[in-house]
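This is what each chain is made of:
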Amino acid sequence: MNKLAIMMTMLLPGASFAAALTGQAVSQSGKPLAKATVEIEALNVSVRADESGYFRLPSIDSGEYELHIHAPGYAHLHEKVTVTDSSSNVTFTLSRSPIEVIDVVAAPMHMSVMESASPVSVLGGETLRRQQAATLGDSLDRLPGVQSNFHGNVASTPIIRGLSGPRVLIAQNGLDVSDVSRVGPDHSVASEASTATQIEVLRGPATLFYGSGAIGGVVNVVDGRVPTDNDTRGEWLLESDSVNNQKLASFNVTTGVNQLGFYADGFWRESDDYDTPVAPDIDEPDGAHRVANSGEESNGLTIGTSYLLDNGYIGIAVEQFNREYGIPGHSHGGHEEHDEDSHDHDEHDENSDEHEHSAEEDVFADLEQTKVQLLGEFTFDNDWLRSVSFRAGHTDYEHAEIEHGAVGTVFENNTSEIRLELMHTAFAKWQGGLSFHYKDSEVAAQGSEAFTPPSTTKMIALALMEERHFGEVLVQLGARAEHVTLDASEVLLPPLAAHSHDEEHDDHDHEEHDHDHDEASLTRVFDVEQTFTPVSFSAGMVWDFTPGYNVGVSVSRSQRAPAATELLSFGPHIGTGTYEIGAMFALTGDEEHALGLSTTPTDLETANNIDLTLRKTSGDIGFVLNAFYNQVDNYYYQTNTGLYAESGHSHGDEDDHDHGDDAHEHSDELPVYLFGSADAVLHGFEAQIAWQVSDTFKAQVFSDYVRARLKDDVDLPRTPPLRVGTQLSYLTDTISAHLDITHYAEQDRNAPTETETDGYTLVDAFVSYDWRLMDQDLSVYLKGTNLTDTEARVHTSFLKDIAPLPGRSVGVGLRGYF
Amino acid sequence: MNSIKNLSLLAVAISSVLLTGCGDAETTINELPPIEDHDDHDHDDDHDGEDHDHDAESSGRLMIADADSNAMAVFDLEDNSLLDTFSVTHSGSALTHSADYRFAVVSSRTNDLVEFIDGGVWREDHVDHMHDYEEAPALSDFSLVGSQPTHVVSHDGQLAVFFDGNADTSMPASVQVVSDNDIATEANDIPTLTYSVNMHGVAKPVDDMLIATVRRDDAESVSANPVLPDSVGIYHWHDGEYEQEQLFAGECPDLHGAALNEEFVVLGCSDGVLVLHAHDEEYESQKVSNIDELNGMRVGSVYAHHDVDTFIGVASQHGGGSAVITAIDPDHGEMEVINWEPETDAHPVSYGFSYDGEYFLILDDKGHLTVLSAEAHDDHEHWELTSRIHFSEEDLNSMPDNAGFSMSVAQNAPLVYITDPIAQHVLIIDLEHGETEGDIELDFVPSAITWLGIAEAH
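If you read the sequences in order, they're chains X and Z.
Just so you know, numbering that gives the first Met the number 0 puts 692 at position 693 of the first sequence, and the rest follows in order with no gaps.
Just so you know, numbering that gives the first Met the number 0 puts 137 at position 138 of the second sequence, and the rest follows in order with no gaps.
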């Protein structure tokens, strides 16, 4: 916030003894910093320095102010300045920071990789363009503390410090992205990196800002869809990659006239199935070196407009996002046992035998989302209120999973959300404000894979966030209380024909009871209403104990209301290859394998987290070291019951099938997993060290690690392995070259049902050449990924054994800025 | 490890000092009446007709059109009560059911519009069980738009609406195919076949295939009336379009009427009926010529049932004069006249098979329901008169204008529902016992009726 260029022109009417503050921003070697920004937060004033680093803040009341000065490539500077009646002239000297520092936008507190008490990473600018991928998790995969749950190149979500799913919130411009990606690993995130300006990652509990669903962290994709100024500028990109024949085109442009700002962005991407260094399925080593059904086609268009005022802006943007992607490994019932011949018969209506369906075996998803966002921010010259920011959104999401050319399951999410932040003027030197947050989500699934009943979740929250500098110490405090209701009027408890494989010793008899179970079985129906009041607190401090260094501590207690899937599920979830049953249910034990309502009360999940950070913020060497310890009470997770249940697609077609071709195997069965809760502990570290060797050459090393286990020492599944990476960069005005080598260690701390995953090393390179042509900055680039063509199986992926990372790929692209 | 323990202690210590506030969680669970799970593999019930078990599932609903307005009334067959009344856009629309009997399909030929009303009773495959829904009926926002929707036919989970197009406005004919799920989810991309000319045609969906009539160039056409197609195309839906895979060119002059069962497709032509039979993904054609007993008429409507080998063909004079009803045996390539022993001057107004294929029903304009059933001789089926129910004693001269008897067959029991516009009621007729089981009083003149609900699997 407060970066609005228009605020330069802001006048302060009641200022009778106004003075001007002028000065210059320079580097330690005395070089003027042309792109430096100087801001006085208390006054909502911000100004950009000219070509020679000079700036002028006109008409400031005399007094003492805290200034925040930042420039790309340099450490942020906070300095107190006393403005007297006559003009004051100051020089700010910024030190170089080899670690890129980008502020988190629209946060009520100071947040950046170098400044905040809790850890933050921001991927922006050139780095974002270099790392952007078709899916969000893969785009963020190289940030410390973030790994991807790679799902065959078509879907992926970020895993932050070992947590994902309903614990990591994905936002677009601060509002929930509102898709169904939190529910299944094969559901794509409805957000695009190629049109974003930056992607922010808050590691560790961020419920303070985002509420339930952010207990493990937040990923916020930021773009300029509602323009805050109307300078004409834009960006376009064309790229092609060899491994999957991907073609990408994207653009974004901002312009305007008078008080109106206009914005548009769009992208189009198409890719085929991708190649792998080895046969993708570990059980079929002679298979083709290609992951079938991993192609995608997506496009999106966003149009926004805003009305720009002297003290702020208000605007609206509409986005249409479409994506059609194959779901590799989405066969019905256990990938490994998949049996082509029985498949046709198990599946569909009675006439299917007549037609060849081999081409339509593949399952693909057709996703569509319409997103409307209304964003505004106003500053006031008021004794109490400093600024108001307003965000409201409505999204209408639908994705259909198409099997055999017919719609199998339709997932829908309709969400409305409002956030209102009221920032007060400094009060006893405390800065901060109140945040109101309301969200209403209706989620429904219809069809064969509708494992969760339709539900409506409503959340209303109030949060207070404050920060203050005490000399060299910045203190940040926050608290948030929420009221969450989860309504599901038709939760089903069907009789589960589950059985253990041990009992039948492979004699295949059990199939019979399926066809003549005559006992009248009842599906119990429940109307469930849950009310939760999660409360979160956080306290942190950052102490600049010696120039160029700081140490941060952050302690938080965060609560989360469990999601509908974790409580109410009952059915086969092909994306995870399990039969999922929510925590509302439990094995009763009276009858064999019978399920009833759980007698354990549903409770909130509570995370107690402590974060320690040591940073070197400036100089030729910079580093950020984080260690965290997160104790999660009542952690919701799935346990394997040891039972198996039919995935079911064969169940519905009752009529005149010749059951003579009894090719039934276990192929249509899934292991039954039951949600429950237990206390868990996650701890680990992230380290990032950068060395600016010379003006053109920089070397960076990073590493991250997490250990995730239940208190009784059972390891949690799909925990990212230890990782160490290095990046060497060479940058001149025209040439930019990067070499990345990342080693993923072997993961042998596995959940009981998991297998070990071997380590691997990935080598990526990137070279670009920049030049200027017809008022445009052009950049042509060549990038190579997985240059050694290494077999890389991702431990965090549900498709580990059937879809490794893509093999060697060479991409070429052209980018322009104006 | 020590340091981690210390960290843990520190975290807990600081947390507990700072944070005494605590979240709260409350759960309210109300158990609702359970859903009976259907045993999908049990086929041997109720074909003996004795003990129809209506407890386990909904009896279904009736949608009845008002002859004098655009109102549609929905009755619950559990207790024969009026559930709701809906206004569709146009009055005088045709009424039928969707492929799985969840929706009433209201098509207005003159207004180029097909609307849907959710009857509220349907079944979903919930993998572990078949889940039956019984909800309030509702007018769907989903509609189909096209020039002159005329023949609306269902087969095996799909509904095909044939839009005749209009020569006057140069609108070509087209076919749109929707499943109940498409209607429920208000699907956007409806499989559509668009022709280049108008025609009075018909199409039958079979999985991802569509058997549809084709009107050839008038110069080539062998139809006496060129608006009637003379050819049949086999189309395959892939990559977002229907692609013609086979064409039976000129094999069916003046094509009108079509039906299909598991094995055969039968289409009415001026010179006989065209029989199509699938072999190794290819259809083969065969013609059954008109027989002398047709007296120069031709089969213009064809009826079929999933479980019945015989097709019933109806040859009648234009305007509903006397009709000759024939049994068509496509397997042997034979056609024979069924002696249905009509009452004097009785002209059929509606036909249909009972839900299990046991009976073929003929409703006539003199207040009779004629019930035919088949007897097997060798491997031939012979259809004969079984019973006749005289359901209306009203003075037929008081039949309101533009109204007539109409019927709809229940798909879960041997019942048929007949509207009587004179008495303003619906009669419920039990086919097993050949008698009227009850009636539903109406406060309007009914013009059309359709049964909705969960069809019993065959």
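It is worth saying that the hints were derived from the structure and are not from the lab.
Backbone N, C-alpha and C fix where the C-beta goes; we use that ideal spot for every residue, glycine too.
Watch out, some of these pointers could steer you wrong.
Said to hold, decoys possible - Residues on chain X that point at chain Z, a partial pick, calculated with CB under 8 Å:
1. 34
2. 595
3. 597
4. 603
5. 723
Unchecked claim - In silico contact screen, one side only, chain Z against chain X (beta carbon under 10 Å); selected entries:
6. 25
7. 29
8. 207
9. 236
10. 240
11. 242
12. 243
13. 245
14. 246
15. 250
16. 379
17. 380
18. 381
19. 385
20. 386
Evaluated hints:
1. 34: violated, 40 Å
2. 595: Violated: closest Cβ of chain Z sits about 11 Å from residue 595 of chain X, beyond 8 Å.
3. 597: violated, 10 Å
4. 603: holds, 4 Å
5. 723: violated, 21 Å
6. 25: holds, 5 Å
7. 29: holds, 4 Å
8. 207: holds, 5 Å
9. 236: holds, 7 Å
10. 240: violated, 12 Å
11. 242: violated, 13 Å
12. 243: violated, 16 Å
13. 245: At 13 Å from the nearest chain X Cβ, residue 245 of chain Z fails the 10 Å test, so the hint is violated.
14. 246: Interface hint status for residue 246 of chain Z: violated (19 Å vs cutoff 10 Å).
15. 250: Since chain X brings no Cβ nearer than about 21 Å to residue 250 of chain Z, farther than 10 Å, the hint is violated.
16. 379: violated, 22 Å
17. 380: Residue 380 of chain Z check fails; min Cβ-Cβ to chain X is 19 Å, beyond 10 Å.
18. 381: violated, 24 Å
19. 385: This interface hint is violated because 26 Å lies over the 10 Å limit.
20. 386: violated, 29 Å
Hint violations for this structure: numbers 1, 2, 3, 5, 10, 11, 12, 13, 14, 15, 16, 17, 18, 19 and 20, all remaining hints satisfied.
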